[in-house]
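Participant: Sequence:
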Amino acid sequence: MGDGRLTLTMVDTARVPPLLALAALVVTFLVTRGITRMIRAGRGPFRNVDPGGMHIHHVVPGVVLMVIGGFGAVFVEGGVVAESVVAVVFGMGTGLVLDEFALIVHLHDVYWSEQGRASVEVTVLTTVVVGMVLIGSSPFDVDDQGGLQEQGALLWSVNIVVGALIAVVSFAKGKFRMGVLGVVIPLVGAVGAIRLARPASPWAHRFYARRPHKLARATRRAARHDARWSGLRTRFQNAIAGAPSPPQQQGPDRDRDRDRDDSPPPPE
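Heads up, the sequence shown stops at 266 in the numbering used here, and the numbers go up one at a time, no gaps.
Source of the hints: derived by calculation from the structure; they are not laboratory data.
C-beta: ideal position from N, C-alpha, C; glycine also.
You can take every hint at face value.
Beta-carbon label-pair distances, calculated as ranges: (1) Ile102 with Val72: 17 to 25 Å; (2) Ala225 with Leu123: 19 to 27 Å; (3) Ile102 with Thr217: 28 to 36 Å; (4) Leu163 with Asn46: 43 to 51 Å; (5) His211 with Leu152: 39 to 47 Å; (6) Gly129 with Trp227: 15 to 23 Å; (7) Gly50 with Gly77: 39 to 47 Å; (8) Trp154 with His106: 39 to 47 Å; (9) Arg222 with Leu123: 17 to 25 Å; (10) Val62 with Arg218: 47 to 55 Å; (11) Ala162 with Ser228: 22 to 30 Å.
Produce the complete structure using the sequences and hints provided.
Facilitator: Right, dumping it as structure tokens:
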């Protein structure tokens, strides 16, 4: 506006597609986890997809939906409605793929094992980071001739660069979650970058090898942190994704036919 006042628009149509993509990701992940838990427990009408005896993991349709949604976003020119449709398709595909992220990493089915928790971890972090990006990229549409938009874009760019550098240090110190969040909120990543590294991290191997006192401090701090938070994190993951099977129920055949496990699921 000419008088320098700010115009705030509660609804910015440019953010509708990414918001719908994020919502589709979360809903798809939760619905998929609910279905697999029902199959695992032998409840409901759902069954494995096993054409010709070959188990089809849901990462397969997930990749297909991501390809359709991704290329659709590149080529679509139908306005916000068409963009929203392909965004939902992409979000659904992403939810299916992230639900089997651990399968992609380990190259074998670890869905109901401890390693399978990586899928839940990555999905939660992805949701948080994308949500913060949507909020951080000015949730209200700010329009001002005084140049606030240009200044905001510059500050946002600097924020991303600094956050990425801090995140690298956090990753090296074995603090994956704080590193990911630090890409968007550098202050969070800075805490992880400044504090002692995890004892098994690359940073500890490189810088603490000849400093046993510091390595001992890092080990004690990591033990206190895990004792305080690991139980809460495990209960949260079990609540939304199901508890992993006991080790004696895991193995190649159990992994391949994970959803047809006839044994009762562990308590949640």
